[in-house]
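Student: Listed below are the residues making up each chain.
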Amino acid sequence: MSSWLVTVVYVGGMLMQQSKQRSGFKNKGIQKYYNPSAMLVPWFPDHTTRDTYVSLLQQTDPPATELQLKAALLRRAMTNVERVMKLRENRPALLSLVQKGAVGDGLWNSFQKAEQELQQDVIEVTQEAETFKKNWGQTILYTANEMVQHERHKEIAEQIKELKEKEEKNFKKREEREKLEMAEHEKREKARLEKERKKAEEELLKMEESEKKKGKDSKGKSKKK
Amino acid sequence: MSHSILNLVVDGDNVYCRQHHLETCKDCKYDFKQLNILHKNLRPINGEIPPPNQISQNLSKQIVKLKDDGNNHFKTQNYNDAIKLYSLAIDMAFQRPLWEPHELTEQEVSICLSNRSAAYIGLEQWVNAYVDAEWCIKIKPDYSKAYFRKGKALMGLKRYEEAVHAYEIGLEFEPNSESLNSALVEARKLAGNTDIE
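Going down the list, the protein sequences come from chains A and B.
Numbering-wise (full-length UniProt numbering), the first sequence opens with residue 1 and increments by one.
Numbering-wise (full-length UniProt numbering), the second sequence opens with residue 1 and increments by one.
Honestly, the hints are just simulated from the structure, not real lab data.
From a predicted model like this one, the values you see are computed outputs, not experimental measurements.
We put the CB at the ideal spot given by N, CA and C, even for glycine.
Any given hint might turn out to be false.
[Stated by the list, open to error] Taking lysine-lysine pairs in the DSS-like style, the calculated list, with each CA pair at most 25 Å apart, reads:
hint: 1; chain 1: B; residue 1: Lys40; chain 2: B; residue 2: Lys26
hint: 2; chain 1: A; residue 1: Lys164; chain 2: B; residue 2: Lys138
hint: 3; chain 1: A; residue 1: Lys154; chain 2: B; residue 2: Lys61
hint: 4; chain 1: B; residue 1: Lys158; chain 2: B; residue 2: Lys61
hint: 5; chain 1: A; residue 1: Lys166; chain 2: B; residue 2: Lys26
hint: 6; chain 1: A; residue 1: Lys216; chain 2: A; residue 2: Lys206
hint: 7; chain 1: A; residue 1: Lys113; chain 2: B; residue 2: Lys138
hint: 8; chain 1: A; residue 1: Lys166; chain 2: B; residue 2: Lys29
hint: 9; chain 1: A; residue 1: Lys166; chain 2: B; residue 2: Lys65
hint: 10; chain 1: B; residue 1: Lys138; chain 2: A; residue 2: Lys179
hint: 11; chain 1: A; residue 1: Lys161; chain 2: B; residue 2: Lys33
hint: 12; chain 1: A; residue 1: Lys166; chain 2: A; residue 2: Lys187
hint: 13; chain 1: A; residue 1: Lys154; chain 2: B; residue 2: Lys138
hint: 14; chain 1: A; residue 1: Lys86; chain 2: B; residue 2: Lys65
hint: 15; chain 1: B; residue 1: Lys140; chain 2: B; residue 2: Lys65
hint: 16; chain 1: A; residue 1: Lys154; chain 2: B; residue 2: Lys158
hint: 17; chain 1: B; residue 1: Lys140; chain 2: A; residue 2: Lys161
hint: 18; chain 1: A; residue 1: Lys169; chain 2: B; residue 2: Lys84
hint: 19; chain 1: A; residue 1: Lys161; chain 2: B; residue 2: Lys158
hint: 20; chain 1: A; residue 1: Lys198; chain 2: A; residue 2: Lys179
hint: 21; chain 1: B; residue 1: Lys26; chain 2: B; residue 2: Lys84
hint: 22; chain 1: B; residue 1: Lys29; chain 2: B; residue 2: Lys40
[Said to hold, decoys possible] Ranges of calculated distance between the beta carbons of each label pair, as one might list FRET restraints:
hint: 23; chain 1: A; residue 1: Ala93; chain 2: B; residue 2: Gly192; range: 35 to 45 Å
hint: 24; chain 1: A; residue 1: Ala93; chain 2: B; residue 2: Gly12; range: 40 to 50 Å
hint: 25; chain 1: A; residue 1: Ala102; chain 2: B; residue 2: Lys158; range: 44 to 54 Å
hint: 26; chain 1: B; residue 1: Asp68; chain 2: A; residue 2: Lys179; range: 34 to 44 Å
hint: 27; chain 1: B; residue 1: Pro50; chain 2: A; residue 2: Met85; range: 46 to 56 Å
hint: 28; chain 1: A; residue 1: Thr131; chain 2: B; residue 2: Asn80; range: 49 to 59 Å
hint: 29; chain 1: A; residue 1: Thr131; chain 2: B; residue 2: Gly122; range: 28 to 38 Å
hint: 30; chain 1: B; residue 1: Lys158; chain 2: A; residue 2: Val103; range: 41 to 51 Å
hint: 31; chain 1: B; residue 1: Lys189; chain 2: A; residue 2: Lys214; range: 51 to 61 Å
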């Protein structure tokens, strides 16, 4: 009972202290002493598909074709779709960790910055799409989402290929092992039978000998008599 | 949010790193492979992606035809021919254009994979049957029939406990399935036996 109480008090105290520290950080303006955005670790790696699109736009020797630019913009939209899904997935868990004080503000700021940047890039993509064809901006994200899902099928196919190889190998191994066990079993069985046969033979021999002895004895006896 | 400009070059249909003229370059840390593939895929329609509700009806018809032919062979226990036709249907379903609804691909592929798994079970090719069922589950995790096939295949492989697990998940999606329930009872019996050993 008392140890249970001690645990509760200890954990409770720890949590309180942590939340105090967190709020203290904010209130006392310690953040002034360092630039928080400079310390932020980016939530996502570089947006390579965006950079590729922008770089392609600037190509002059030779310039990129319109089809290439469209493909590059779609890839950029696909990255955005993937990131939107990831953020949506991560948000509730991260939020509850932040509320508990289990992770620092830095992580939360980095998350929020990623959300803002992503929103910005989504807008940019739809605007860019409009420059190729009127109303493409309305459907490009939908199309990008379908493409992301289709790409998932390809990944699954790769995983299945690996699974098949592994399962076939295991199956072969098991078959061989079973064969070996069977052979071993047969060998043992044979040895056992052989042993039994020998034993029976010996017993027979013994029996015969004792029979002979008996016979002799009785013969000798009868002779003596 | 600053853009960084990549040192790339356009050469015909493809994009490469300018320095080494590579599609996938470890030194530059560039990878344009996916971009070039997409470019190739967009070529036949010249980048004019049709509106979202427009789908290739012909493709769907062909897939259904192949699947039905496969089913006819399956019914006469001609499993080898059934497998051939299901395989063609699966390949075709995966060729659906990238911009068309992925749910459609999932529907078509999962039925054909599940049927092919059943045909493999008919031939007692347990590993193939298991792999197809697993594939089907990965593509459409709520397809209860696939768990039934997976369980059957695992029973054939004498992996009874895993079979029990597969049937149990299948029942989560279809609690009243008679075939799943009776299969589970049978699998549990055998799994129990392996426990005692």
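Student: Report the numbers of all earlier hints that the structure fails to satisfy, in ascending order.
Tutor: 4, 5, 7, 8, 9, 10, 12, 14, 16, 20, 21, 27, 29
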